[in-house]
Each structure stands twice: as structure tokens, then as C-alpha cells.
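A.B. asks: Chain residues, written in single-letter form:
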Amino acid sequence: RVAMAANVSYVSKALVTTFHTLYPEITVQVILGSSGKLTAQIKHGAPFDLFMSADMKYPQRLYDEGLAVEKPMVYAKGRLVFFSLRKRDFSRGISFLKDNNINTIAIANPQIAPYGRATKEALIHAKLYKKLQKKFVYAESVSQSVAYAISVADIGIIATAAMYAPQMKPYKNTSHFAEVDTALYSPIEQGIVILKNAKAKQEAKVFYDFMLSKEAKEILKKYGYEVK
Amino acid sequence: MIQIDIQKKLHGSQGKMDLIVNQSVNRGEFVVLMGESGAGKTTLLRVLAGLEEAKGSIFVGNTEWQNNHKRVSPQQRNIGFVFQDYALFDNMSVEENLFFVNNDKALLNELLVMTELVALRRRNVQGLSGGQKQRVALCRAIMQKPKLLLMDEPFSALDSKMRKRLRTQLKDFHQRFDMTTVMVSHDASEMYALADRVWRMEQGKIIQEGTAHEVLSSQDEKAHYVEVLKLHNAKATVCIAGELLEVEVNNKISVGEEIKVVLQPCLYSNNK
Amino acid sequence: MIQIDIQKKLHGSQGKMDLIVNQSVNRGEFVVLMGESGAGKTTLLRVLAGLEEAKGSIFVGNTEWQNNHKRVSPQQRNIGFVFQDYALFDNMSVEENLFFVNNDKALLNELLVMTELVALRRRNVQGLSGGQKQRVALCRAIMQKPKLLLMDEPFSALDSKMRKRLRTQLKDFHQRFDMTTVMVSHDASEMYALADRVWRMEQGKIIQEGTAHEVLSSQDEKAHYVEVLKLHNAKATVCIAGELLEVEVNNKISVGEEIKVVLQPCLYSNNK
Amino acid sequence: MDFVPFWISFKLAALTTFILFLFALPLAWWLSQTASRTKPFVEALTALPIVLPPSVLGFYLLMALSSHSFLGKFIEDIFGVKLIFSFEGLVVASCFYSLPFMVQPLQSGLEGLNKHMLEASYLAGKSKFQTLFQIALPNIKPSLITALIVTFAHTVGEFGVVLMVGGSIPGETKVASVAIYEMVETMEYGQAHIYAAVMVALSFFVLLAVYIFNHKQKMKMGML
Amino acid sequence: MDFVPFWISFKLAALTTFILFLFALPLAWWLSQTASRTKPFVEALTALPIVLPPSVLGFYLLMALSSHSFLGKFIEDIFGVKLIFSFEGLVVASCFYSLPFMVQPLQSGLEGLNKHMLEASYLAGKSKFQTLFQIALPNIKPSLITALIVTFAHTVGEFGVVLMVGGSIPGETKVASVAIYEMVETMEYGQAHIYAAVMVALSFFVLLAVYIFNHKQKMKMGML
Ligand SMILES: Nc1ncnc2c1ncn2[C@@H]1O[C@H](COP(=O)(O)OP(=O)(O)OP(=O)(O)O)[C@@H](O)[C@H]1O
Ligand SMILES: Nc1ncnc2c1ncn2[C@@H]1O[C@H](COP(=O)(O)OP(=O)(O)OP(=O)(O)O)[C@@H](O)[C@H]1O
Ligand SMILES: [Mg+2]
Ligand SMILES: [Mg+2]
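Residue numbers (this note's numbering), protein chains in the order written: chain U, 40 to 267; chain A, 170 to 441; chain B, 170 to 441; chain C, 185 to 408; chain E, 185 to 408.
Only chain U is shown next, with the shape it has when bound in the complex (with noise of 0.2 Å):
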């Protein structure tokens, strides 16, 4: 059983076909959910072998406490993309948001969401977080800020992942999305760990070295990903 933290799963799908035409005698289950919920979940004892989180923080938090087999390694670096519904000019870079036809930022919550941090690192960087506060509203996730792009805000800023799902298709072109310039934050390192009561120890290795393996990070890449 694997846990993922939710912003994993648009890629989640295509990993676990690939691992299953490698390893076609293991089977994986997928257990979604944010990473402090996970964590929480783990450190009382979930069932799961293995855990994807978003960021370092939460799989370190659980190594520190024992609770994982070894320290956890990065698989993959998110990045993050400007998304809007309504075409837009993004040459200019992120300095376009101070426009005034902006009036709501979706960003994800910089206190629960690892994408959420960097977004405020790049826009810190950038010296638009205070002009800009007004206009953010925040997202539990980095999905819900991709509801909320394609629904009510005008501007989103979203995990690149993303961009990958099915239902973005439509939005698939340089109209309507733009990387974020990547000099403004560090991509976001996530991490990956196998648990201590892990049931199915030697599955999990499996799966685990996978993630790191070429395959996966094809994968990862594909979707946008920053990868080693």
C-alpha cells in the first residue's frame, strides 16, 4: 500500500501500470490524501508500506521519529506554472499579475502546502507577496487552487503536474499557461520513504527503488517533473 500525497496522483496512474508490466505479481493500492493527513495517519499506525509526500518535510518528520526504515530520497522536483482560463499574455513574466484586470490569485496555502510555500517564496522573490495579498485566495491543495483556477480565479498557480490531467487538455497551449520562472523558488523536493511497519517490506523495496529507477523518472518527467 502505498501513500501518496494527492498532488502525486495525476502521475500516479501512469506509475503504477508501468510498475505492474515490470513487477506484474505485485500489486500496489493507492491511498490518497494530503501529506499532514497521512502523516498524522502513519505516525498512529496506518497499514500503509510506503510514503510519497509532497515535500521533505513530513517523510523527515517521520524518519526523525523512528518511523521510517531510512532516511527519505527525493524522486521528483515540482514546479509550478502560471494557469488562467481566459487567454493571457505571460511574456512578461510574473509580473503580469499586478495587471488590473487580476483580481483573484488562487494559490495553495502556504502553511499546509508545500507548493503553497514555494509559490510564496517566487512571488517574495519577486517583491509582489504584500502588493498581491489582497488577491489571494487559498487553496487547501494544490488541486483545489486548480478548481478554483478553471472555476472563479483568474490567475492560478498550480503544480505543473497538473497541467497533465485529463481535464486541462483544453488548456494544453501557451495561451492559457506558463512556467513559473524557476530562479524565483526552489523546486519542491518530494520525498519518499518505506514505513517501519511496513507488512509487505520487500514489495515496498521494490516499488521503492522503482521510483528512483530510469522508468519512473521518464514518468515523472513526462508530467512535468523535475528529475535527477
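Calculated directly from the structure, the hints in this document are not laboratory data.
Incorrect hints may have been included.
Unchecked claim - Straight line, CA to CA, 16 Å or less: simulated EDC-like cross-link-like pairs of lysine to aspartate or glutamate:
no., chain 1, residue 1, chain 2, residue 2
1, E, Lys402, B, Glu378
2, C, Lys299, A, Asp174
3, C, Lys257, U, Asp193
4, C, Lys299, A, Asp259
Note that the structure is a prediction, hence the values are computed from the model and not measured.
Please build the complex by placing chains A, B, C and E with the ligands on the supplied structure of chain U, with the hints as guidance.
C.D. replies: Positioned in the frame of chain U, the structure of chains A, B, C and E with the ligands alone reads:
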């Protein structure tokens, strides 16, 4: 004048039964409606008040209260109604119940004095005894000074002293406010004292109408067969309609037997 | 034998009032409790049934139903109770109400026939008329064949014919099941016909007890001052306790005046 | 310790309860009095908002109320109120979500009323409106209190819909439940415990006050 | 289309409603009959589970029920049941969370009962238990139905507590509400719409059936 011509299907005590009433009541008249339990008395009052549907028509003067197509709402009929189960407003005190209907303080006081409820005026009605509730219900109906007063056995839970007193005072109010009145009662003396006309109902139909005298004297109940309650010195004690009487008897009679008695009252004086 | 010695504070119609009853009832006795509205009759019955708290003690034979410290639960008292407001089980039909108490089919049928409810046996009780409900309540209480039968004005909503019939049959059941009985009633003839003893209650106290005769003859009501209802050929029609009588009068009397009448009944025959 | 989220929660709950009362009352009244054949349908419909998970319901409400939608646009044009990411929007969403909690107890209370009592009021010339407020409601106090308290408490505790439609904007739509949720998510458990304790304590005392008041009133009525 | 989540939801809601009914009924009965001074406190306590946001309540339940806790350990040792991340745990958590929705309508219904009716049953020699089931409950049908339906619907819709305590394990604790929530999270909106529609439709028909049945029964009773 009220002209009633209504029909309604009911479940009587002998299976299906039709309530068919075709009567009129004069303005200011006092009608007592009598009849066995389940005859349809309450239902008739409720139809008059617009609380229950029925076929047919009701005219009051020239205004039509109901026909087969429409009914005037109970609110617009200005009816005072004493429910058989009182239907007091449980959330209110005695005087709040009355004030809810009308704000006339003088009348309120008069009614409370009349019904001996003055000391209870601020009590919540839920804590009252059965008879006290019934009196509140009566007051509430009169409080409205209605054009038409409908009362469903308004004295049934009261002792005879109170009954007699209220009876007289009700008659007063009836005249004072010129309230056309229909009252359900099982009590013969009430009919004599109050009724301009008595309707006798059976199985949903008014089978007899006339003065109390006419209606009651034709009833079988009139046969004075009474039970001997006590024997003492060749005198039998019998009870006729609540009055205890002594009758001379021969020796063949025993306690419990029924004897036929004729009453011969004679006047002693006409001044107390 | 039931020995009652209880005290309870009540809110009477003249302010605070103490219910203080110290009486005993013999086994198989039929006591009628009379008294003005709000005197405390219902409360006394409820205390006897264990439904209301009161100070003091109640002994039934040698078992103590209550003292100042404990009370035997109503369930263990085997009491049949006719509530003043009937308190039927609204979710049930007539016969379900009776079967809930006792499964005796023969008795059920007998009671339904007696109260003329046979055709209504499967009707839900909520749809019944007032008098029909009251009869169901009476049947339910008897159905239990209780040791002690408490009835709160069980005939108040019935017409006089039905009343008289049921009265006789109640007496039968009373004897057949040997039920000690306390019944609240306002009706004099009921007291004569049924009561071994009458208790007269006023302001929470039993102020008089004795046979119906004794209690009633001492009442002021006995004074036969009656209203002249009609004048015709030097005869006045008066109503005494529901009976219509003609009296010879002199000319000075007018309708509405009160006259004093003495009754002189005489026996005609002792066989129908 | 930041008390603003509590204040917003309280304001939201009070307002929702109040507005919902106004809307639910006529509905409950109609349902309790009608013998219409459509009644079961309306009843079933009324209960529906509860069966959807809050955040999903929130998602649909988001779609429905956004300025891109017809309804949202309409309201924005007419009333000049933006219903998304605003306190007003939270109120609308909460009303929608809590509707059944208000309607159902009121309806069952009204159905249990003695019909003759209402008829007596009509005969006294009182309108349905007067009868509802002066006779019906005072006589279904237990149900009324249940309706108000469950609605209030539920609005205080709700966060799925609120989070979605409100966007957790501090000082505007970040209610206490959302604040506590965020603390748990970020593993600031100590803070979360304190906030939760305050919330529970506050709610407990509000509820207690209502119940004690009610209890006293009942005693008074029975005794006097 | 995977129907397992619906099946689990239904099972959970039915079981919760049933168990809660057993527990809440005596409590509601006691509350409705007592004149005790502690009553308002118990009433306020009873309403508390609603004021905490579900996921926070879930968090506390997680702590309380986990094998590390005294209670969780105790239950595990005695009954051999793990209450976390298991269906049994979901039932316990749902019962806890939905308690007020069951207690409150029942209580207000019972408080509105004609006391004489209960007394008549006692005098007929029936125990409190018999009286409750044969007299009290049948006479508070509207409130009873409200209690059952609100509890059922609320358990179907709840996902905060369920997600936290249950952990969304497919086939075991992944109920329909959680499934829909996850679809929305992963932006499989099409799927989510379908599942939500199925859920709403199913619930609607269950509710409608209950209401129509109730309606018919009432008609029958009034007419016959
Ligand atoms: N629980 C109570 N506490 C205090 N006073 C009460 C209580 N119940 C009734 N009373 C009052 O006590 C008095 C006696 O009431 P009770 O019901 O016993 O009268 P009653 O003799 O049965 O009268 P009625 O013939 O009108 O039914 C009344 O004045 C009533 O208002
Ligand atoms: N809504 C109704 N539909 C059908 N039948 C009814 C309805 N209400 C009452 N009944 C029946 O109609 C008959 C007449 O009822 P009603 O209440 O009018 O009698 P009543 O003359 O007032 O009797 P009582 O003196 O016992 O009060 C009864 O047999 C009763 O069971
Ligand atoms: Mg009647
Ligand atoms: Mg009484």
C-alpha cells in the same frame, strides 16, 4: 339567518354514515344540538366553522360561506368556538389565551369573575384542572363577541352548581352580544333553560326539531321507570334525573326493582 | 382495604391550597368523588395511582403503596384508570388499545358490544368522536380487570341514554371482578345508582362523606327554586333536574320568575 | 492567540441560522400542513444536501456561484455581491448545506402539534402567519431549539464547503474550523489543541446557556 | 464504474444508524423524562461533536482509538478489533460524530408526547421499555424518521472523520464520499460527476421510498 344545506360522508358507529343537514337558524337564536355519541354533532359544528370540508352550501344572510367550489376561510367568519377538547393555547396563561382573541380588558375581567378564574389568570393553562380548562375555553369563545357562537358540550366537565350559574350568565351574554348560538349538550335542563330550539340528531340527520319541551317529551327517556334505591317504612327512595324522591309503595317491591312513577309537583310559594 | 393519608400542595382557584385526604375505602366498595371544579379530585386519583408525588402514606391491605420515602411504581399497583382526557394510545386502533392491556378476547367483545363500539373496532382512535373515545377509555380500564378502578368523569361526554345503560353495566362489572372503585362524577343520579359512599371534596379536603342520599340531601342545590319556563292555562312549566313538570300556579307569576316547588311523587305501578 | 477566526465562525453561524430560519420555516410549515402528493418528493429533496460530501458540494457550489456562471453573474449584477471568496458567499453556501438540519426538526415538531389549537387561532381571526409565530412555534419549543442548535453547531463545525467556497482568506473567510484544520495539517498540534479547546469550550457554554435558559423557563411555566 | 464504495457507504450508514439508534434512544428517553439539574449539561455535551470540524474530530478520534492509546489498546486486547483503518473503526467514529443528529430529534419528539399516554401504559403494567417501544416511538413517528434520515444521510455524506480514521483503504474503508472527494482532488471531474450523480440519485430514491411509505401509512390511518 343561517341556511345550512350540507352533506358529508362519515364513518359512523354502524359503518358508513351520511351527515345530511338542511336547516336554518334565525339571527340571535339559541339552538341546542343533542344526540347520541357519534351522531355527527361535532362534525356539524366544524363544518359550520369552516374547519372541515363538506358538500353543499352555507348561507349567512346574503353572504355565501361555502358552496361546492369555494369556502370562506375560518378567519373571515367571526365564529366563537368551544372545542370539545378545549384546544387552549398551551404556551399561554389564562389571560393570554383570552387576550389573544380580543384586547377588551373589561370583558376579560367580567368573564374571569363569572367563571371564578380570577386567581388563576396568570397560571399557564397546561397546569389547570379539566373543568378549569373548559371554563377558559368558554371565556375565550365569548371574548371574541362573535356573530356566531358554536359550543361543543361546554359544561360537560363542570359540577352542577357551576353549570347552573354559567348557564344563566351565558344566556345573558347571548342576548347582550346578540350572538346566534349553536350548542351541543346532553343535559335536559340546559336545553330547557337555554334553547330557543332543540335539534335532535341521529346517524348524521336531524331527526327532530322543536322546543326543548317538544323534543324531550317525545323521548322514550321520559318514561319514569326508576330503580328503587332504598326501602324504609313502606317508602321507596328513587332518583329521578338526579333528584332524590320518596314514594309510597306496597310491600311487594324490593330494592333494585324498577317501578313506574308519576310526578305531581305543586307550587308552594313564588317568592324566596 | 385502602387507607389513604396524604398531603400535597396545590394551586387552587383561590390561591394556594392543600390537598389533605385521610380516608379509607373498603374492599369492593364503590366510592363516588364529587366536588367543584378544581377541588383536587383528579389529583387525588393520580396520587392513588402513583402518578403524582404526595407526602404521606397509602396502604392497600398490608402492602404499603407509598410512604414518605418510597413509592410502589404504577406498574405494580394493578390499577385501571380512566383519564379525564382519555389518554388513548393514538397509534392504535380501538381493539389494539384494549389488547395492549389484556389479551382476553371474550372480555374485549363483551365490552365492545356493551359500549356499542363493535363497528369501530378497527378504526384508529384519533378519528373517533369525543364520546366514542371516552367509551374506549372506559373499556380499556375495565379490560385490565384491575383490583382498583379509578375513573375521572367517565361518562361526561355521553348522552343520557348511553350513560344510564353504561352505568348499570359498570355496576355489573364492578361486582363481577370485585373491583374496588373510585369514580369522579358530577351527576347526582350516577351517585345514587352507583355509590356505596359519596365523598364530597372542597378546596382539597373531603368535607362530607356518606351515602348519596346523605351527601346530596344536605346540599343547597336541594332547594327547589326553579325558573318558570312557560305559562299556559294557569299552569307553569318548570324543569327540575332535567325533568319537565307542570305546576298549577296563581296569576301573579310570570315567565322567568323563580318559584319554589315541592315534589310529591306517587307510585302508579311496579311492573312494566 | 488569534480570535478573529472564532468571531467569523460565530458571525457566520449566527447569520446562517437566522437566514435559514426565515427560509426553512415556511417550507417546514407547508410540509407539515399539506396532504399534497408532492410532499414526499419535496421532503426527499430537502434532505439531499447532506448526502454529498461537503467538499464536493462545495465544488458544485463553487461552479454555480462563480462569476462565470449564470447564477453567480446574475447575483453579482443585481445585488453587486460576489458570492465567491467572500463572507456573503460563505453564508449562502452554509445556508444551502445546513438546510435539512433546520427544516427537518421544525417540520416534525409542527406535525406533532394539536391541530385544534391552530384552528382555534384561525377562528380567532388570526392569519396563518400570526398563528405560526404566536401559537405554533411557542408550542414546539423542543423542536425549535433542536433546529436552531443543530444548525448553529453544524455551521460552526463545517469546513469542507466553507474551505472550498471561501478560500480561507484571513479576516474574511477563514473561520475557526478552517484555522484548526490548517494547524492539524501543518502538524502544529499544540496550537491546534488550544484552538480546538477554545472552540469546544465556547460552544459548550453557548449551548449550556441555551439549555439552562430553556430548562428554567419550563420550570417556571410548570410551577407558577 | 466501481460500486464497492457505494456498498461500503451504505453498509456504514445503515450500521451507524442502527447502532446509534440503540445508544441514543435511552439517552434521549432519559433526557425527555428527567427534571434533573444535570440535564442541560448533558444536553450541551451531546451537541458538542458537531462543533468540531470533522477532520479535527477525526484527528482526535485517531489519537484516542489508535493502538498506542489506552482505549484503543484496551479494545484491541479485549475484543481483538483494531479500530483504526478498519471498517469497525469507521462505524465507531461515525457513531460518535452523528450522535447529536440522532439524540436531538428523538428527544424533542419524546418531550412533545402526551404524558398521560405514557402513564396509561405504565398503569397497564407495561415497563418503561415496553412503553418506549410500543407507545412512545410509534407516536413520535415524524421525529423518529427525521432522526433516522438525518443520521443516515449525514453518515453517507461525511468524509472528514471517515478519511482520517479510515484511511481510504479500497474495499475496506473507502466509502463513496471519499471516492468522490479523491476524484475531485485528482481532477477526474467527469468521473466525480458520475459518482456524485449516482450517490444523489440513490439517496434520493431511498429517502423518497421512506417518505412515500410514511405518507401512505398516514393516509391509511386517517381514512380507515
Ligand atoms: N401539578 C400541579 N401543581 C400544582 N397545582 C396543580 C397541579 N395540577 C393541578 N393543580 C391545581 O390544583 C387544583 C386541583 O386540580 P385537579 O385537577 O385535581 O382538580 P379537579 O378536582 O380534578 O377539577 P376538575 O373537576 O375541574 O377536573 C386546580 O386548581 C389545579 O389548577
Ligand atoms: N374526519 C372524519 N372522517 C370520517 N369519519 C369521521 C371523521 N371524524 C369523525 N368521524 C366519525 O363520524 C362520526 C361522528 O363524529 P362526531 O365527532 O361528529 O360525533 P359527535 O356527535 O360529536 O359525538 P360525541 O358526542 O361522541 O362527541 C363518528 O362515528 C366518528 O367516528
Ligand atoms: Mg363530539
Ligand atoms: Mg379533574
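A.B. asks: Please name the hints from earlier in the document that this structure breaks, with their numbers sorted from lowest to highest.
C.D. replies: 1 and 2
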